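Asks: Please take these sequences and the hints and turn them into a complete structure.
Line by line, the protein sequences give chains A and B.
Take the first sequence: its letters are residues 1 to 218, numbered as in the numbering used here.
Take the second sequence: its letters are residues 1 to 80, numbered as in the numbering used here.
By construction, these hints were calculated from the structure, which means they are not laboratory data.
As the structure is a prediction and not an experimental result, all values here were calculated from the model.
Hints are not guaranteed to be accurate.
[As the list claims (entries may be wrong)] Just so you have them, the derived chain A footprint on chain B, three or more residues with Cβ under 8 Å:
#1 6 to 14
#2 49 to 55
#3 59 to 72
[As the list claims (entries may be wrong)] Straight-line distance between alpha carbons at most 20 Å, and here's what the computed DMTMM-like set of lysine to aspartate or glutamate pairs gives:
#4 B:44 x A:122
#5 B:44 x B:19
#6 B:44 x A:135
#7 B:44 x A:138
Ideal Cβ placement from N, Cα and C applies to all residues, glycine included.
What follows is each chain in one-letter form.
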Amino acid sequence: MTTEQDTASTTDTDAVADTEPEATEATEATEAVSAGAESAETEADGTDADAAVVAGDGSDQPSRRERLENEGDVAADFLEELLDIADLDGDIDMDVDGNRASVSIVGGDLDELVGPQGEVLEALQELTRLAVFRETGERSRLMLDVAGFRAQRRAELVDVATQAIAEVQASGETLKLSPMSPFERKVVHDAVADAGLRSESEGVEPRRCVVVLPAEPA
Amino acid sequence: MVADVIEHLVSGIVDNPDDVEVQEKNLRRGLLYEVRVHPSDLGKVIGRSGRTATAIRTVAGVLAGDGGARIDFVDVDRRR
Numbered sequence: 001m002t003t004e005q006d007t008a009s010t011t012d013t014d015a016v017a018d019t020e021p022e023a024t025e026a027t028e029a030t031e032a033v034s035a036g037a038e039s040a041e042t043e044a045d046g047t048d049a050d051a052a053v054v055a056g057d058g059s060d061q062p063s064r065r066e067r068l069e070n071e072g073d074v075a076a077d078f079l080e081e082l083l084d085i086a087d088l089d090g091d092i093d094m095d096v097d098g099n100r101a102s103v104s105i106v107g108g109d110l111d112e113l114v115g116p117q118g119e120v121l122e123a124l125q126e127l128t129r130l131a132v133f134r135e136t137g138e139r140s141r142l143m144l145d146v147a148g149f150r151a152q153r154r155a156e157l158v159d160v161a162t163q164a165i166a167e168v169q170a171s172g173e174t175l176k177l178s179p180m181s182p183f184e185r186k187v188v189h190d191a192v193a194d195a196g197l198r199s200e201s202e203g204v205e206p207r208r209c210v211v212v213l214p215a216e217p218a
Numbered sequence: 001m002v003a004d005v006i007e008h009l010v011s012g013i014v015d016n017p018d019d020v021e022v023q024e025k026n027l028r029r030g031l032l033y034e035v036r037v038h039p040s041d042l043g044k045v046i047g048r049s050g051r052t053a054t055a056i057r058t059v060a061g062v063l064a065g066d067g068g069a070r071i072d073f074v075d076v077d078r079r080r
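Replies: Below, the structure is given as structure tokens:
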């Protein structure tokens, strides 16, 4: 349904990599390597859904969804054993959320695995992605949640974004938000885009911020 | 337990998991975990700008409880 031109027009990395039908992996790898995980998450996310459809139509390769489910399985094994060794109670839920695998550890007392500002969660997600990469040979953009931390944070951030959008619409001036992690910025970027405004990120990790831009005069 | 956690995390991401060895050392300054990996995997456990090593320290540290865990990464050829 989607043509290569559609996906190629979206971002620089896609434009470079989307010359072949099976370019989605190449795109992911390029993003992860050249752009770094941070910008790959925020800047390229909105575009990969189209690319996923292209790959799904592909011939005899496992479908996009099957690959993501496999990612989830590998991640679940890695995390299950970790819980076991660390003597922590928890169940693992797996899902495919749009164009990435989503794995959650739920139940029990898991605050340790979240840590202050979710820092342990981010570290664990990083290691889980690396473990998936070792098994599958493909860079993973898997999203890990522990004890609903991300889900809750997402709701808070949507509130922050809604408020910022209202402010920008009222003032017509750009508004810079406080520093956020890549995941947090992505949530805000998505909310801003849904409201029909544009946003950018500026600054350097860990002080990178979302800037909400006013609508351009028509 | 912490040594086992470190071994699991490291073994999961290197190409030569059989070469991973974690030794717990009781130093005056507290516990030290010495992680040995195959020389070709050393870069992998350290990661870009030390990102992977930091992630391993963060996860192992929180499970170690008070004071966290000090972790040294060395390759299997190096002896002290």
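Asks: Confirm or reject each hint.
Replies: For each hint, the structure was consulted:
With a threshold of 8 Å between beta carbons, the proposed coverage of the segment 6 to 14 of chain B by chain A holds, since 5 of its residues qualify and at least three are required. Judged by the Cβ-Cβ criterion of 8 Å, the segment 49 to 55 of chain B is covered by chain A as claimed, because 4 of its residues qualify and three suffice. As drawn, the segment 59 to 72 of chain B meets chain A at 3 residues by the rule of a beta-carbon pair under 8 Å; at three or more, the given contact holds. Distance restraint check for residue 44 of chain B and residue 122 of chain A: the Cα-Cα separation of roughly 18 Å lies within the 20 Å cut-off, and the hinted pair is therefore satisfied.
Annotation: proposed proximity of residue 44 of chain B to residue 19 of chain B holds, straight-line Cα distance about 14 Å (limit 20 Å). A threshold of 20 Å between alpha carbons decides the hint, and for residue 44 of chain B with residue 135 of chain A the separation of about 14 Å falls inside it, so the pair holds. Under the criterion of a C-alpha separation no larger than 20 Å, the hint pairing residue 44 of chain B with residue 138 of chain A is consistent with the structure, at around 15 Å.
Violation of the numbered hints given earlier is absent; every hint is satisfied by the structure.
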